[in-house]
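Chemist: Build out the structure end to end from the sequences listed, making use of the hints.
Throughout the sequence shown, residue numbering follows our numbering, covering 639 to 972 in sequence.
Fair warning: there could be bad hints in the mix.
[Unchecked claim] Restricting the straight-line Cα-Cα distance to at most 30 Å, the calculated cross-link-like pairs of lysine-lysine (DSS-like) are:
1. K678 to K755
2. K845 to K883
3. K883 to K646
4. K755 to K857
5. K641 to K845
6. K770 to K760
7. K857 to K911
8. K796 to K688
9. K857 to K654
10. K857 to K819
11. K770 to K796
12. K883 to K654
13. K760 to K678
14. K812 to K678
15. K654 to K643
16. K755 to K688
17. K654 to K911
18. K812 to K688
19. K688 to K857
20. K857 to K812
21. K796 to K760
[As the list claims (entries may be wrong)] Label-pair restraints from in silico Cβ distances:
22. D815 to K770: 43 to 53 Å
23. K676 to A724: 16 to 26 Å
24. E906 to G950: 21 to 31 Å
25. L915 to K760: 33 to 43 Å
26. D892 to K654: 26 to 36 Å
27. K641 to G699: 41 to 51 Å
28. T728 to N650: 52 to 62 Å
29. T690 to E843: 44 to 54 Å
These are computed hints drawn from the structure, not numbers from a lab.
From the three backbone atoms N, C-alpha and C, an ideal C-beta is built for every residue, glycine too.
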Amino acid sequence: MKKGKYPKSNKNDVLKGIGIAPSVHGAGFTGVGENLIKGKIRVELEAGGKVTIFAAQTEMGQGEQTTFRNIMADALQISPESVFVAEVNTDIVPNSGPTVASRSTMVVGSLLIDAAKEIVQKLSTDLKNKFKGDFEYRQGYFYGGEQVISFENAVNEKGGFSVEKQYEHPPIIKFDDINWKGDAYPVYSWAAAVAEVHIDPVTFEIKVPDFYTTHEIGKAINYDQAVAQIEGGSLQGIGYAIYEKIGLEKGYFDVEGFSTYIIPTPTEMPDFKVRILENPYPFGPFGAKGLGELPLVGAPPAVISALWMIFGTEFNKIPVLPEDLFSLFNNNPD
Numbered sequence: 639m640k641k642g643k644y645p646k647s648n649k650n651d652v653l654k655g656i657g658i659a660p661s662v663h664g665a666g667f668t669g670v671g672e673n674l675i676k677g678k679i680r681v682e683l684e685a686g687g688k689v690t691i692f693a694a695q696t697e698m699g700q701g702e703q704t705t706f707r708n709i710m711a712d713a714l715q716i717s718p719e720s721v722f723v724a725e726v727n728t729d730i731v732p733n734s735g736p737t738v739a740s741r742s743t744m745v746v747g748s749l750l751i752d753a754a755k756e757i758v759q760k761l762s763t764d765l766k767n768k769f770k771g772d773f774e775y776r777q778g779y780f781y782g783g784e785q786v787i788s789f790e791n792a793v794n795e796k797g798g799f800s801v802e803k804q805y806e807h808p809p810i811i812k813f814d815d816i817n818w819k820g821d822a823y824p825v826y827s828w829a830a831a832v833a834e835v836h837i838d839p840v841t842f843e844i845k846v847p848d849f850y851t852t853h854e855i856g857k858a859i860n861y862d863q864a865v866a867q868i869e870g871g872s873l874q875g876i877g878y879a880i881y882e883k884i885g886l887e888k889g890y891f892d893v894e895g896f897s898t899y900i901i902p903t904p905t906e907m908p909d910f911k912v913r914i915l916e917n918p919y920p921f922g923p924f925g926a927k928g929l930g931e932l933p934l935v936g937a938p939p940a941v942i943s944a945l946w947m948i949f950g951t952e953f954n955k956i957p958v959l960p961e962d963l964f965s966l967f968n969n970n971p972d
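Modeler: Written as structure tokens, this is what we have:
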């Protein structure tokens, strides 16, 4: 363009780049954080088998209430319609810690599993004392001799009661907070992202038409919900890489809202290809690990790597790719 030459032979010509970024994110608070928080939950049971979860975790679009209900319903082998999540109000819920650090499903979810086990044990003991025999719990029913009693009726027999649980790291997870050695996190979630980037050589409009990503999160409690979380977090990361910008003018931010602070909209959403790998974490609910923040981690470097591939040394202010890998791209146009 500096030489006065039009850089496109037809209107559909674009510059193309592909960027790759592996990523990792710790689940839960760093080091001894969770043991300092000592997160607590309470589960209350009422006549009719109604189960209510009391926790401080806040629903902000990540589908947390659905996840908690599913975990408790599956652990108790009852319908999710019988499980409720109480209003998050500090007057009524215990301090289960903040809704941060990709911890809610893994940490609080594990407490729900523990609470469910205690609920079944309490109901079994109550039935044993009443009917003078042992009971086994399967698929929502207590079986003891010729007695078959539903979860709902077992709760009615015992009357309303509550169970409280407090989180503590499993004993095999250790961290020296003085020398900073040991398990920085109880477990990690892993991901890899591939971004295809197109740039119009005249307008310099940047698009990410295709985005591929695989996440290893232990266990997807709600698969569709997990995919939506990955897509949303990845789109946020793409926006961070190529749209969002804040500057200062005379001590004030130069943006006032979404008319001047640009974020991606549905028209900028790429065609997502999401894959979830499951490698169960033994101390998470049904093997689940944290997911919340991980999708955002790999998207920006994947996009920036693609831009580096397109612009080469003109883009050297952000050395994303190692020099040998960059040379490999240059020497192999395919």
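Chemist: Give a verdict on every hint.
Modeler: Outcome of the hint check:
1. K678 to K755: holds (16 Å)
2. K845 to K883: holds (17 Å)
3. K883 to K646: Between K883 and K646 the Cα gap is close to 29 Å, so the pair holds against 30 Å.
4. K755 to K857: holds (20 Å)
5. K641 to K845: Holds, because 26 Å separates the two Cα atoms, which is no more than 30 Å.
6. K770 to K760: Measuring from Cα to Cα gives roughly 15 Å; hence the hint holds.
7. K857 to K911: holds (19 Å)
8. K796 to K688: holds (13 Å)
9. K857 to K654: violated (35 Å)
10. K857 to K819: holds (28 Å)
11. K770 to K796: Roughly 15 Å between the alpha carbons, so the hint for K770 and K796 holds.
12. K883 to K654: holds (23 Å)
13. K760 to K678: holds (19 Å)
14. K812 to K678: The hint holds at about 21 Å.
15. K654 to K643: holds (20 Å)
16. K755 to K688: holds (16 Å)
17. K654 to K911: holds (19 Å)
18. K812 to K688: violated (38 Å)
19. K688 to K857: holds (27 Å)
20. K857 to K812: holds (23 Å)
21. K796 to K760: Cα-Cα ~9 Å, so holds.
22. D815 to K770: 43 to 53 Å: holds (51 Å)
23. K676 to A724: 16 to 26 Å: Once the Cβ atoms are compared, 20 Å apart, the range 16 to 26 Å for A724 and K676 holds.
24. E906 to G950: 21 to 31 Å: holds (25 Å)
25. L915 to K760: 33 to 43 Å: holds (37 Å)
26. D892 to K654: 26 to 36 Å: At 32 Å between Cβs, range holds.
27. K641 to G699: 41 to 51 Å: holds (49 Å)
28. T728 to N650: 52 to 62 Å: The hinted range 52 to 62 Å holds for T728 and N650, with Cβ atoms some 57 Å apart.
29. T690 to E843: 44 to 54 Å: Hint holds: Cβ distance 51 Å, inside 44 to 54 Å.
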